[in-house]
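Chain Y: place on chain G using the hints.
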Amino acid sequence: MAITSDTKIQLVPNQSSSVLGKETVLLNYELGNYYELNEVGGFIWSLLQSQPVMSVGEIQTRILDEFDVEPTVCHDELMLFLDNLLREKLIETIA
Amino acid sequence: MELTTYYYTAYGLTLGSEISLPPLKEIGPGPVDVFIRRGKLALSPPLQPTKIYRAGLQAQFAQNGTEELWLSWAPLLSFKIVKGQEIIIDTVQTDEDILSLFTLSEAIGLILFQRGYFLLHGSAIQLQDKGVVFLGEPGAGKSTTVAAFAQKGVGVLSDDMVCIRVSKTEPPVVLPAFPQIKIWENSVHGLQLEKSEMSLVREGVNKFSWHESISFSEKPVPLKQIFVLTAPNELAGTIVQVPQHQIPIELLSYFPLADSLLQGKPLKDYFEKSITLAQTIPLVKMSRPANFAKLHEFVDHLKMSL
Chain G
1 MAITSDTKIQ LVPNQSSSVL GKETVLLNYE LGNYYELNEV GGFIWSLLQS
51 QPVMSVGEIQ TRILDEFDVE PTVCHDELML FLDNLLREKL IETIA
Chain Y
1 MELTTYYYTA YGLTLGSEIS LPPLKEIGPG PVDVFIRRGK LALSPPLQPT
51 KIYRAGLQAQ FAQNGTEELW LSWAPLLSFK IVKGQEIIID TVQTDEDILS
101 LFTLSEAIGL ILFQRGYFLL HGSAIQLQDK GVVFLGEPGA GKSTTVAAFA
151 QKGVGVLSDD MVCIRVSKTE PPVVLPAFPQ IKIWENSVHG LQLEKSEMSL
201 VREGVNKFSW HESISFSEKP VPLKQIFVLT APNELAGTIV QVPQHQIPIE
251 LLSYFPLADS LLQGKPLKDY FEKSITLAQT IPLVKMSRPA NFAKLHEFVD
301 HLKMSL
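Protein chains in written order, with my numbering: chain G, 1 to 95; chain Y, 1 to 306.
Hints in this document: simulated from the structure, not taken from any laboratory.
Treat each hint with caution, since some may be false.
Stated by the list, open to error - Taking lysine to aspartate or glutamate and the DMTMM-like style, the derived pairs with C-alpha atoms no more than 20 angstroms apart in a straight line are: (1) G/LYS89 x G/GLU36; (2) Y/LYS224 x Y/ASP129; (3) Y/LYS268 x G/GLU88; (4) Y/LYS265 x G/GLU88; (5) Y/LYS224 x Y/ASP300; (6) Y/LYS268 x G/GLU66; (7) Y/LYS265 x G/GLU30; (8) G/LYS22 x Y/ASP129; (9) Y/LYS51 x Y/GLU137; (10) Y/LYS51 x Y/GLU250; (11) Y/LYS83 x Y/GLU137; (12) G/LYS22 x G/GLU66; (13) G/LYS22 x Y/GLU250; (14) Y/LYS152 x Y/ASP300; (15) G/LYS8 x G/GLU58; (16) Y/LYS285 x Y/GLU297; (17) Y/LYS268 x G/GLU23; (18) Y/LYS268 x G/GLU30; (19) Y/LYS207 x Y/ASP95; (20) Y/LYS130 x Y/GLU170; (21) Y/LYS25 x Y/GLU272; (22) Y/LYS40 x Y/GLU18; (23) Y/LYS51 x Y/ASP160; (24) Y/LYS83 x Y/ASP95.
Just chain G, same shape as in the assembly (with noise of 0.2 angstroms):
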């Protein structure tokens, strides 16, 4: 299902994750992939581990709020970030 800005969004329970230095290394752990975030990726990750279910919509003004960047390139990015890391299935979005 393609993602919009009111899709809400949670962590998958299988994963544990750590910042070392500036990225946050991931894991599923029952699939077995690893994962390194560079640091907006970590902020996102952080974002949706603080507060457990966030629309893409919310996201984005928190990323607006804490880094420059053009609201449209950021919706972009964001997007295909996403996009990503539903496709790795470690995020799942909610109905």
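Showing chain Y alone in chain G's frame:
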């Protein structure tokens, strides 16, 4: 048939054993953490090949959760490892050296895994009160490096498999394995060690065991630093710090047991322990000193600087 029980310590555990394990230190009879006995093994779940080789044999492995593990070195011998408490050996072999070689490597490693320790394929020494671990591909020079330290009177913690206790509340410590270093004949010559103090091991041609005269640490030692030794190159002796976020994946490549153990919850535990290590312990890559003279220089340097 009357069975003798031998009592030993290794990796901070007391062992009771029906078989003699000569590299281990005998202690008086008492309660044991782990019992090692002979027995006939019933059928295991289907065995799968592993990446683990020893004495020219490839280990096969099967598991029922993590509480019951099977390790087969067919046709020589098979182990069943149960709940961190029992090793059952199924074999017609009676040679103590062969039985020790296979019992005191991956089989005891599986006991330690069941007990929740963090294991690495590598060697470790105690410098002053600090534990230093050496990792590297087979042939990278881990044992030779440890032998060079032992030669200068530095305490040895383990050779081949390093056992670390990682907890969320206390600093990581290295548990002393048992007093033995296994080195190739050319290292014995290169380091100018006394061959009369060594015995041949069955593991390979021209491999020697050095045990009686080495200094061995018996108490757990706080872990201070991990080195990854690489092949000598033009940058020999230079040290590259591995970025913190790459440490967990680097450590994973030195997991000494069957990879299939690391799935689901045990994988999560292993990952979280590697994170704890990454947060507190520096990991550096160093190309192995190019010759024995340089190795001795490195030993002297680290003794002074750590």
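Outcome of the hint check:
With a C-alpha separation of about 15 angstroms, the suggested pairing of G/LYS89 with G/GLU36 holds against the 20 angstroms cut-off. Under the criterion of a C-alpha separation no larger than 20 angstroms, the hint pairing Y/LYS224 with Y/ASP129 is consistent with the structure, at around 9 angstroms. A C-alpha spacing of about 17 angstroms is found between Y/LYS268 and G/GLU88, which places the hinted pair at or below 20 angstroms, so the restraint holds. Annotation: proposed proximity of Y/LYS265 to G/GLU88 holds, straight-line Cα distance about 19 angstroms (limit 20 angstroms).
Distance restraint check for Y/LYS224 and Y/ASP300: the Cα-Cα separation of roughly 17 angstroms lies within the 20 angstroms cut-off, and the hinted pair is therefore satisfied. About 31 angstroms separates the Cα atoms of Y/LYS268 and G/GLU66, which puts this hinted pair outside 20 angstroms; it is violated. For the hint linking Y/LYS265 to G/GLU30, the alpha-carbon distance of about 8 angstroms falls within 20 angstroms, and the restraint holds. For the hint linking G/LYS22 to Y/ASP129, the alpha-carbon distance of about 32 angstroms lies beyond 20 angstroms, and the restraint is violated.
Straight-line distance between C-alpha atoms of Y/LYS51 and Y/GLU137 comes to about 13 angstroms, which keeps the hinted pair within the 20 angstroms bound. Restraint check for Y/LYS51 and Y/GLU250: satisfied, since their Cα atoms lie roughly 17 angstroms apart, inside the 20 angstroms limit. As the CA atoms of Y/LYS83 and Y/GLU137 are separated by approximately 30 angstroms, the hinted pair breaks the 20 angstroms bound. A hinted pair counts as satisfied when its Cα atoms are at most 20 angstroms apart, and G/LYS22 with G/GLU66 qualifies at roughly 15 angstroms.
Between G/LYS22 and Y/GLU250, the direct Cα distance comes to roughly 18 angstroms. Compliance with the 20 angstroms bound is thereby established for this hinted pair. A distance of roughly 9 angstroms separates the Cα atoms of Y/LYS152 and Y/ASP300; the hinted pair therefore holds under the 20 angstroms criterion. A C-alpha spacing of about 9 angstroms is found between G/LYS8 and G/GLU58, which places the hinted pair at or below 20 angstroms, so the restraint holds. Taken as a hint, the Y/LYS285 and Y/GLU297 pair is honoured in the structure, with Cα atoms around 17 angstroms apart against an allowance of 20 angstroms.
About 19 angstroms separates the Cα atoms of Y/LYS268 and G/GLU23, which keeps this hinted pair within 20 angstroms; it holds. Between the alpha carbons of Y/LYS268 and G/GLU30 the distance comes to roughly 9 angstroms, so the proposed pair stays at or under 20 angstroms and holds. A distance of roughly 18 angstroms separates the Cα atoms of Y/LYS207 and Y/ASP95; the hinted pair therefore holds under the 20 angstroms criterion. Of the supplied pair hints, the one linking Y/LYS130 and Y/GLU170 holds, its CA atoms being roughly 15 angstroms apart against a limit of 20 angstroms.
Proximity of Y/LYS25 to Y/GLU272 is assessed by CA-CA distance (about 33 angstroms); at most 20 angstroms being required, the pair is judged violated. About 14 angstroms separates the Cα atoms of Y/LYS40 and Y/GLU18, which keeps this hinted pair within 20 angstroms; it holds. Using a Cα cut-off of 20 angstroms, the hinted pair Y/LYS51 and Y/ASP160 holds, with the two alpha carbons roughly 15 angstroms apart. Restraint check for Y/LYS83 and Y/ASP95: not satisfied, since their Cα atoms lie roughly 27 angstroms apart, outside the 20 angstroms limit.
Of the numbered hints listed earlier, those contradicted by the structure are 6, 8, 11, 21, 24.
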